[in-house]
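Listed below are the residues making up each chain.
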Amino acid sequence: MVLEKTRRRRPGPSGTANTDRTQQPATSPGEPQGRTAVLTLDREQSWVVRAVRPLVGYLLVVPALAIFVTFFYIPAVMLFVLAFYHWNVFGATTFRGLGNFYTLFNQPLYWQSLLTTGYFVLVMVPLTLLVALGLALLLREGVRQARGGFARSLIFLPHVTPLIATSIIWVWIFDPQFGLANFVLTHLGLPRLGWLEDPHWAMPAVMLYTLWHSVGLYTVLFLGGLAVIPQQVVEAARVDGAKTLTMFRRVIWPLLSPTTFLVLILTTVNTMQAFGQIFALTGGATGRGGGPAYSTSTDAVLIYQTAFTYYHLSLAATMSLILFVILLVITVIQKRLSSRWVFYR
Amino acid sequence: MKNTRSSIASSEGRSGGRSSWKHSTGHLTLHGRGVAQLLIGLVFILPVYWVLVIATGHHGDAYAIPPVLVPAMQFGAIGFVLTHTNIVHYFLNSVFITTTTIVLVLVTGVLAGWGLAAYHYRGREALFMVVIGVMMLPQQALIVTQFNVMFHLGLLDTYAGLILPFGASSAAIFLFRQAFLQLPESFWDVARLEGANVFQYLWRVAVPTARPAVATVTLLTFIVSWSQFQWPLIMTSSKAVQPIELALSHYMASFSNNWRDLTSAAVIALVPVLVIFAFTQKYMVKAVVGEDRGVTE
Numbered sequence: 001m002v003l004e005k006t007r008r009r010r011p012g013p014s015g016t017a018n019t020d021r022t023q024q025p026a027t028s029p030g031e032p033q034g035r036t037a038v039l040t041l042d043r044e045q046s047w048v049v050r051a052v053r054p055l056v057g058y059l060l061v062v063p064a065l066a067i068f069v070t071f072f073y074i075p076a077v078m079l080f081v082l083a084f085y086h087w088n089v090f091g092a093t094t095f096r097g098l099g100n101f102y103t104l105f106n107q108p109l110y111w112q113s114l115l116t117t118g119y120f121v122l123v124m125v126p127l128t129l130l131v132a133l134g135l136a137l138l139l140r141e142g143v144r145q146a147r148g149g150f151a152r153s154l155i156f157l158p159h160v161t162p163l164i165a166t167s168i169i170w171v172w173i174f175d176p177q178f179g180l181a182n183f184v185l186t187h188l189g190l191p192r193l194g195w196l197e198d199p200h201w202a203m204p205a206v207m208l209y210t211l212w213h214s215v216g217l218y219t220v221l222f223l224g225g226l227a228v229i230p231q232q233v234v235e236a237a238r239v240d241g242a243k244t245l246t247m248f249r250r251v252i253w254p255l256l257s258p259t260t261f262l263v264l265i266l267t268t269v270n271t272m273q274a275f276g277q278i279f280a281l282t283g284g285a286t287g288r289g290g291g292p293a294y295s296t297s298t299d300a301v302l303i304y305q306t307a308f309t310y311y312h313l314s315l316a317a318t319m320s321l322i323l324f325v326i327l328l329v330i331t332v333i334q335k336r337l338s339s340r341w342v343f344y345r
Numbered sequence: 346m347k348n349t350r351s352s353i354a355s356s357e358g359r360s361g362g363r364s365s366w367k368h369s370t371g372h373l374t375l376h377g378r379g380v381a382q383l384l385i386g387l388v389f390i391l392p393v394y395w396v397l398v399i400a401t402g403h404h405g406d407a408y409a410i411p412p413v414l415v416p417a418m419q420f421g422a423i424g425f426v427l428t429h430t431n432i433v434h435y436f437l438n439s440v441f442i443t444t445t446t447i448v449l450v451l452v453t454g455v456l457a458g459w460g461l462a463a464y465h466y467r468g469r470e471a472l473f474m475v476v477i478g479v480m481m482l483p484q485q486a487l488i489v490t491q492f493n494v495m496f497h498l499g500l501l502d503t504y505a506g507l508i509l510p511f512g513a514s515s516a517a518i519f520l521f522r523q524a525f526l527q528l529p530e531s532f533w534d535v536a537r538l539e540g541a542n543v544f545q546y547l548w549r550v551a552v553p554t555a556r557p558a559v560a561t562v563t564l565l566t567f568i569v570s571w572s573q574f575q576w577p578l579i580m581t582s583s584k585a586v587q588p589i590e591l592a593l594s595h596y597m598a599s600f601s602n603n604w605r606d607l608t609s610a611a612v613i614a615l616v617p618v619l620v621i622f623a624f625t626q627k628y629m630v631k632a633v634v635g636e637d638r639g640v641t642e
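Same order as they appear, the protein sequences are chains E and B. Straight run, no breaks: the first sequence in the numbering used here ends on number 345. Straight run, no breaks: the second sequence in the numbering used here ends on number 642.
I should point out that these hints are in silico values taken from the structure, not numbers from a laboratory. From a predicted model like this one, the values you see are computed outputs, not experimental measurements. A few of these clues could be false.
Only part of the chain E face toward chain B is listed, based on derived beta-carbon distances under 7 Å [stated by the list, open to error]:
no., residue
1, Leu60
2, Pro63
3, Phe71
4, Ala76
5, Val89
6, Phe156
7, Val160
8, Ile168
9, Ile169
10, Gln273
11, Phe275
12, Gly276
13, Phe324
The C-beta atom is built at its ideal place from N, Cα and C for all residues, glycine as well.
For reference, chain B alone in the conformation it holds in the complex:
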């Protein structure tokens, strides 16, 4: 603190005019800045918007020059994809995999978070490091030997193989541990006095007070699990268990330049994400950013 202050004070002297940091980036007026912000936001949203435009557009809209900007709101292609492909099946697979993973992550997270927060035993800190250390392992370097493990456990091509490995999350355990450390110890003492066991206490007292952590973990797990692609690509071969992202990559091969059907399939995969994002955007931004911050700190 001291260092910067003195260096700022000595830097460049007092020659400057009245320009301030606050006004510095603003040759733009406040109004102009608002417009610029909005324009950039729109540029980023444009590709997602275009998925909707082409999916609900007329036949051949994808080949129009100049590009079509307004959706024609024709839902024929989406209807076709829903009825003539197995996308509903893949969609339900994804729903099943995602929900089960979220439940598992919450359960293992609450248990381990409590186990690492409330008890004192030898090696607890080491155990915590082992739990957090998983985040440091580079996923791409593990996939080959993970395939070997999955083969020997007989988990290839099963739902369990898509769910179980992601049924525990360092971030979840970390968040729940943080939340449980905030709880006064007397709560737990009182609960024991009344004859409650650990699970009753967790379910009735600890988890309800840790609702923000539950929400964060649910959102994070949803995003990761719904977007799962590489793992099922490698670990499954039958359509029975595959999730929607993998189905989309199959469609990219089989529909190759049929943009209207392809984007319709993409819309079906995107809708849950967009809807949930629309309702939880602030929490979701916080959850994802908080997680990445946690990785290195």
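In isolation and in its complexed conformation, chain E is listed as follows:
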């Protein structure tokens, strides 16, 4: 029945076969008859068909599975092997045991990259959280009206723009002589900064760009979290005379905690893996990335440089393995902590 309807709406390419077939059910319409027909269909099936049918389900997943295994799972497994070998793409492999780790831990640059990553993550996570929450609270009312929805779209837009295309304008914004950033600073009576050319200010510049590019996503997530807070709870607290701050601390914040937790995980994982904007903002012009004096060489950037500028794939694989484990541990710890302070309704 339903199939017939659908078919009538969008006729298939083989018109004659269709009309031929639609005539058949027309002679025997009606729900109960259809049901018995299905039953006979199942009974008529041979055991071969019944045995093979589930296999079809499995076969349908195979194309996607093949892609995932080849390009994601195999590389992930290889990581745990190749980190202990001296190798290159042509396959010359000698087992080095912990040798790669030894070499790596004796590189001051590696430790510096971990510190840089820590700096980036520890600033970005709370900053993003605060700004996103603030923006969400500001946008909360009127989001359903056109005006609020428009503002939300504008804040969200940067998140879907390609990193390199928008990095270009931000390099100009951070230009020490003609850029907008210094123009604003001088008007506020503050000293001009070297931004991307200054080892101390390159990272903050990258942070500003990253905040601009990503905060819209988290704002919308918070807006979603605020929207599902039950109005009765808020009303009840209001009747009990809760003031703004109390209301936020005792009602909104606890009820928002699942969203806060989600944002926390996403910002941590995303900032630890930031690459495109760092590459483009600090050293896209040299094709190397990493900023002045390696000041923006985070772990991810250093892995890229080690593997594809210095072609030291073994060391890069070792660094990748460590990053893999760090991210795994962080996710597990955050999951554990979440059970303690996230309030799930």
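Got chain E; can you put chain B on it based on the hints?
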């Protein structure tokens, strides 16, 4: 539920005045809030706007102090970039890569989504976990060994190498599975009775009813695929197959301080995103946010 209620009731007592949560953030009047919302929205859009201002500005506008605020609408620089560089070639590369990826993701997503929704077989749940688990793998930690795999498959520097690895998406499979689970089983029974095979059923019945999922997957794949940068940076070396984002990073090196030409090139890369965003903003916001929500839940 019970806990919070009682804690709210006991918290801070009844000393407060009439201030309510609704009015709490609003020392600003409703009008003032609207203005504030709009101003913040404009701050966020400003850099994108500036790309247009400088690209269509007069020569030297990038060096003006105070900064130029109004576009002069001179399209000379964009014309120059279009005719004197290979940007059209890179643009078409991106179009080709993005479209092919979207088609592949839709096909593999529909097939796997149906395979995981409609059949019962041993290990189905495990298979689903394997499919979803891909989202948990940290991309930056895999890139080195992925390069190794790509080398051995002979996929470096090919279109296939830029398309195939992204031809299946966990999010797509998840969305299609959800959509197909909503379909009554009787549909499929009737279709079989009429002699339709799986593919005919998917094409004629299942996919048309899952149109929202198709739209979401298309938008998501478009955003990710059009913005692709790190993967082609590492996996390609010849200009023949490279996408536009990578070309922009080349231009950053070769045009170094020629802001007008650089931003013109950026405009060309941005236009498809801006146009599609303008028409689908609500769906796009929902699609992207929904995906990120799905990652951890």
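- Numbered hints the structure breaks, given as an ascending list: none
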